[in-house]
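Enquirer: Sequence:
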Amino acid sequence: MYYLGIDLGGTNIAAGVADENYRILAKTSRKTRVPCPDEEMCGQLAEAAEETLKKAGLSLGDIPWIGVGSPGTVNRETGVVEFANNLHFRNFPLRR
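Going by the numbering used here, the first residue of the sequence shown is number 1, and it counts up by one from there.
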């Protein structure tokens, strides 16, 4: 089993893939382009995920779930980042 984690920050988006033994198989870091519309931010997250999976020789189908860390106030029930000043987020739908 493999796991994908993404750290969404105001400066960088970092992503990593690990196996069930917690061994890091691949990682990626790129500058966060902010401010931007919600769809563009989702695209940035997807690009980081896809690049990291490609480096690991995996596809999205190999990943049972994705963990994302984000600054700000996150509603755990809805997956909405209610406010994150450094990302210019107000009610950003992180989980879909």
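In case anyone wonders, no lab produced these hints; they're calculated from the structure.
Glycine residues also receive a C-beta, built at the ideal position from the N, C-alpha and C atoms.
Please note that a few of the clues may not be correct.
[To be verified] Here are the simulated lysine-lysine pairs, DSS-like style, with alpha carbons at most 30 Å apart:
id, residue 1, residue 2
1, LYS27, LYS55
2, LYS55, LYS31
3, LYS54, LYS31
[What the hints assert, rightly or not] Here are the computed distance ranges between Cβ atoms for each label pair:
id, residue 1, residue 2, range
4, ASN91, GLY67, 16 to 24 Å
5, GLU39, GLY69, 29 to 37 Å
6, PRO37, ILE66, 15 to 23 Å
7, THR78, ASN21, 31 to 39 Å
8, ASP19, PHE83, 16 to 24 Å
9, PRO37, THR73, 33 to 41 Å
10, HIS88, GLU20, 31 to 39 Å
Enquirer: If a hint holds in the structure, say so; if it doesn't, say that too.
Expert: Right, here's what the structure says about each hint:
A threshold of 30 Å between alpha carbons decides the hint, and for LYS27 with LYS55 the separation of about 8 Å falls inside it, so the pair holds. Proposed proximity of LYS55 and LYS31 is supported: the alpha carbons are some 18 Å apart, at most 30 Å. Simply put, LYS54 and LYS31 have alpha-carbon atoms about 19 Å apart, close enough for the 30 Å limit, and the pair holds. The hinted range of 16 to 24 Å is satisfied by ASN91 and GLY67, whose Cβ atoms lie roughly 21 Å apart.
Range check, GLU39 to GLY69: about 21 Å between beta-carbon atoms, so the 29 to 37 Å window is missed. Hint check: PRO37 to ILE66, Cβ distance near 21 Å, so the stated range 15 to 23 Å holds. Against the hinted window of 31 to 39 Å, the Cβ-Cβ separation of THR78 and ASN21 comes to about 33 Å, which satisfies the hint. For the pair ASP19 and PHE83, the beta carbons lie near 35 Å from each other, so the given range of 16 to 24 Å is not met.
A hinted range of 33 to 41 Å for the beta carbons of PRO37 and THR73 is inconsistent with their spacing of about 20 Å. At roughly 37 Å, the beta carbons of HIS88 and GLU20 sit within the given window of 31 to 39 Å.
Consistency note: the structure conflicts with the earlier hints numbered 5, 8, 9.
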